[in-house]
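Sequences listed follow chains U and X, in order. Take 492 as the starting number for the first sequence in our numbering and just add one per residue. Take 299 as the starting number for the second sequence in our numbering and just add one per residue.
Check the hints yourself; a few may be wrong.
[As the list claims (entries may be wrong)] Calculated lysine to aspartate or glutamate pairs in the EDC-like style (CA-CA distance at most 20 angstroms, straight line): (1) Lys358/X x Asp581/U; (2) Lys358/X x Asp583/U; (3) Lys601/U x Asp386/X; (4) Lys601/U x Glu561/U; (5) Lys601/U x Asp622/U; (6) Lys358/X x Glu326/X; (7) Lys355/X x Asp338/X; (8) Lys387/X x Asp581/U; (9) Lys387/X x Glu587/U; (10) Lys494/U x Asp546/U; (11) Lys614/U x Asp573/U; (12) Lys368/X x Glu395/X; (13) Lys355/X x Asp583/U; (14) Lys358/X x Glu343/X; (15) Lys341/X x Glu395/X; (16) Lys614/U x Glu561/U; (17) Lys355/X x Asp581/U; (18) Lys616/U x Asp568/U; (19) Lys387/X x Asp583/U; (20) Lys368/X x Glu587/U; (21) Lys624/U x Asp378/X; (22) Lys358/X x Glu587/U; (23) Lys355/X x Glu587/U; (24) Lys601/U x Asp378/X; (25) Lys495/U x Glu609/U.
Derived by calculation from the structure, the hints in this document are not laboratory data. In this text the structure is predicted, and so the values were computed from the model without any measurement.
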Amino acid sequence: MKKKFGRSFDEISNIVSFTDTFFEQQDVDASLRYIVDLCVEELFVNMVTYNTETDESILIEMIPHEHGVEVSLTDFDVERFDPRDASPVDVDAPLEQRTPGGLGLYLVLKMVDSIHYEYRNRKSKITFIADRK
Amino acid sequence: MFQIGFDEAGVIVAEGRLDAAQAPRAQEFLDAVPDRCVLDLGKLEYMSSAGLGVLLKTHKRLMSGGGGLKLVNVNSHINDIFMYSGFDKLFEIETAE
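Put together the whole structure using the sequences plus the hints.
Structure representation (C-alpha cells):
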C-alpha cells in the first residue's frame, strides 16, 4: 500500500488514516501501531522541516513483514540525509542542559528493529522494519 | 483530534493525539499556565517528540520559577517514550493503573 503526502504537518492526520487502513486490511499486530505512527511521523516531519529545497510530495509505502511491517518514506529531489548519522542525544543530561528538539530521530533509531537508507538520483529513501516482540 | 484544558479541579487534561501538527496549540495553552501544575495524560492516546518538546519547554519555564509540571495517568506507550527520552529523570511521573 502506498500514497503520497504533501509537505505539511497538516498531512499527519491523513497519514494516520492511511495507517489505519493498512493495519485493518493487512491485519497487522495492533501492538506495533504506536511504533509505526511515531516513526512515520518523526521521519515525515524531519523531511518536511529540513528538505525545503523541493515541493515534491513524500511517498509512504507500507508492506507486511514476516512478523510485522516494513515502512518506507521516499523524498524526491533532495540532498542526502541518512537518519543513522543523526547527532546523538544525551538523555541523561540534567534539565538545565536539555533543549526541545532532537529527540525524533533518536526515538526512531531506538524503537525500530532495523533501518535502511538508500540515496540515488537525488531520491532519499528510508526504510524501517517494526516486528512483533 | 487533540484537546487540552482545565478540569473542574484545576488539573490540566490532554486528550487525543499530540503530534507535530497539534504541538503549537498545546504550547500556546501551556505557555499561559502558572507555577506548579498537574497534567493528566489519561486520555492522551499518542505523543511524538513534538509533544515531548512542549512538555520540556513548559517544565523548564515552571521550574525556573520554583514550580514544575507533574505528569499523571501516563499510558504504557507514552511512558516508554518518556523512559527512552530520559524524561523519567526530569519529571515527576505517575503511570496509569
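Indices of hints not satisfied (ascending): 14
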